[in-house]
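These protein sequences, in sequence, are chains W and R.
When we follow the working numbering, the leftmost residue of the first sequence carries the number 1, and every step to the right adds one.
When we follow the working numbering, the leftmost residue of the second sequence carries the number 1, and every step to the right adds one.
None of these hints come from the bench; they were simulated from the model.
Just to be clear, a hint being listed does not mean it is correct.
If chains are identical, the list can't say which one is meant, so a pair holds when it fits in one copy or spans any two.
Said to hold, decoys possible - Here are the simulated DSSO-like cross-link-like pairs (lysine-lysine), alpha carbons at most 30 Å apart as the crow flies: (1) K29 x K276; (2) K400 x K276; (3) K25 x K276; (4) K400 x K29; (5) K65 x K340.
Spelled out, the chains give:
Number of protein chains: 2
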Amino acid sequence: MKVAVQHAAIRVPGFRFAGVRCGLKESGKRDVALIVSAVPAAAAAAFTTNRVKAAPVLVGIERAKAGQLQAVVVNSGNANAYTGRHGLTMARRMCALVATELGIAERLVIPSSTGRIGVPLPRRNIETGVRAACRHLSGDAFHDALEGMMTTDAFPKFATAGMVNDGREITIAGITKGAGTIAPHMTLTGHATNLTYVLTDAAVSVTALRRALRVALPQSFNAIVVDGDTSTNDTALLLANGVAGNRRLTPSSGGFAEFCGAITRVMQALARMIVKDGEGATKVIDIRVRGGRTGRDAERVAATIARSPLCKTAFYGGDPYTGRIVCAAGYSGAVFDPQKMDMFFDDVQVVRRGEEIVGSIERRAAAVVRQPEFTLTIHLHAGTATAHRIASDLSVDYVKFNSDYRT
Amino acid sequence: MKVAVQHAAIRVPGFRFAGVRCGLKESGKRDVALIVSAVPAAAAAAFTTNRVKAAPVLVGIERAKAGQLQAVVVNSGNANAYTGRHGLTMARRMCALVATELGIAERLVIPSSTGRIGVPLPRRNIETGVRAACRHLSGDAFHDALEGMMTTDAFPKFATAGMVNDGREITIAGITKGAGTIAPHMTLTGHATNLTYVLTDAAVSVTALRRALRVALPQSFNAIVVDGDTSTNDTALLLANGVAGNRRLTPSSGGFAEFCGAITRVMQALARMIVKDGEGATKVIDIRVRGGRTGRDAERVAATIARSPLCKTAFYGGDPYTGRIVCAAGYSGAVFDPQKMDMFFDDVQVVRRGEEIVGSIERRAAAVVRQPEFTLTIHLHAGTATAHRIASDLSVDYVKFNSDYRT
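With the rest of the complex left out, here is chain W:
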């Protein structure tokens, strides 16, 4: 099995795509995306845990419960969040239009939105856009759909994987978008935002698909942090339409582990792209915590460092400032003995048993931190739990971009 991320004409058997313009974006770029399966597909979905859920998320949570979906309709340029009853009406309207145009059941259509919060979704534009998308569906329009869901993204983000199961070639293709408001915390129960769709022609039971999502999420999207703001719209959706014709994968199938691994790797590749494209980001930092007393403690340390403005600005400046990292670990709420901590930038040890190693090490550490990607490893020596976060740095451009009136 190989995960490919290079640009290529991507097709997923049994799926058609469209990406059109309806004037929601001032830039005039594509702002409506549509993904449709030829047949109802097994579906597993996860949504933001933000208490303020965008209208399409509220509709999505309801519809994903049945475990079967056939189409996803997405608009960018407007999050349809905090838009009251009008927002819910519009989210349902998007789905109803797709259902009518394509002659499928409305309950099999799920909506997503991303863009500015608190602005009513203009009915006329969205209706024109959704209708046009229905007319432009094509198996070759994968990249058009991807463009239609981008907002502040600097580049399109997709990844594919293939495997053989039950003698059949199986394709997995994932697309994602997002650059800011990134600290996804999605569960299966429920602006720039993270929207992710992973499509496969494999036949998979709903239970198996949900399990795959549950395994992949904490290792991918729920592990990334750009700014630490968890969006109102985050959505991750897996669709498996069974067109490949393999015997249906269940959690006990021989090929399930491989399938699960492929989904995880596709989602990890996508999640890393989000961090790389983080608003203003110049670096991707893998923060690995080992030796946590509990999983929660390890998570706390990793997440606190991933969000700390002082750590993130030091990373931006190429400064291996271990003191700021130690300080963040210290206020994370985790229980550990600071006098036992070890710390490494890649393989350069900078703290041993709670004391900073001084001398020539500092130059070597600085060389690591100046790289566009590096790993920070902290060993707490308080237990055996581990955690992993993938974070961007905090740059002058992040502030410039997000303080620009009404981005």
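Chain W is fixed; fit chain R onto it per the hints.
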């Protein structure tokens, strides 16, 4: 009772001060401060809750337990944090020197440090500095001492209050320092950092002094957020030397409420100065949450908004972007119904029952957010609890300053 914050020669009967240079700061500015009471004073102290506590904090926690102190010795330019056994030796050494030079008990001397984390405190400099400070003590050197504890501060921060109790004039004077690594969370049991000393000549019992600190802290220093990084060195210390000759104030004294109020107002004035001088800060925002289901929920909403990079950059840009605030409230972990929320910038209502008010309101809201100080009020309508945070915005200069190698 009046709280004065203007510059003036400040004297507190029975207290002497010194501020000298010993070469810890590259700038060559004063880097050692000493405050000494003529007689042992009642003492109440609170320290950082960060698990990684600087050496002087560890020593301070031990010594503050007795409720009696006579001197505080402070160095700036080096936090003496994460410096192992050598750090503890140096923190004790600072106190021992003061005790020897002044002929007072070592257990009555408390140390503080602020500056870079993880750098050993140079013994020679600090010894020379502390000895010099002991020789320069004067009742008129309040401002020298204040300068000696400054790090990235753009201006000196002090406030005074006076009251009459038992027929005696009582003076209260507070000094504080800090601009970055500001999200104090101090309890009575704990780099740029927050160090605060409030001195009074009133006679006050240790119990009353501790109660006053316990009342004042959540309304002052524990309510402020610059970057959200909680320092390893935060310290707040109240000293009452009784030189005013009033009958000793206890929690049941008639004048205790007034005393408590004066301490609180001095600490609030000082805390607000820290935010105003927040690294790169251009605004001070009072975040007031009402109608919380519980106090913890109200605190969560206020604290999450105060730390949210998206909210803080919008404030910096003068953008009344209610969507980002609603989003932050939503992921704060507090339980509330988004459809009931009201929001105001000063007295301009921007959200009513979960829906953004559009139209000309937006221009009026933008005018509020462009001010250097404004209040954001959120009513959750989930209960009766309230919370208050005082936050700075997040500016390009914050990132520039903190990404500068080894600030």
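A quick look at each hint next to the structure:
1. K29 x K276: within (22 Å within a copy, 42 Å between copies)
2. K400 x K276: For K400 and K276, both the intra-copy (18 Å) and inter-copy (21 Å) Cα distances are at most 30 Å.
3. K25 x K276: within (24 Å within a copy, 37 Å between copies)
4. K400 x K29: Answer is within: at 23 Å inside a copy they meet the 30 Å cutoff, but 33 Å across does not.
5. K65 x K340: Between. Shortest inter-copy distance 27 Å satisfies the 30 Å Cα cut-off; intra-copy 47 Å does not.
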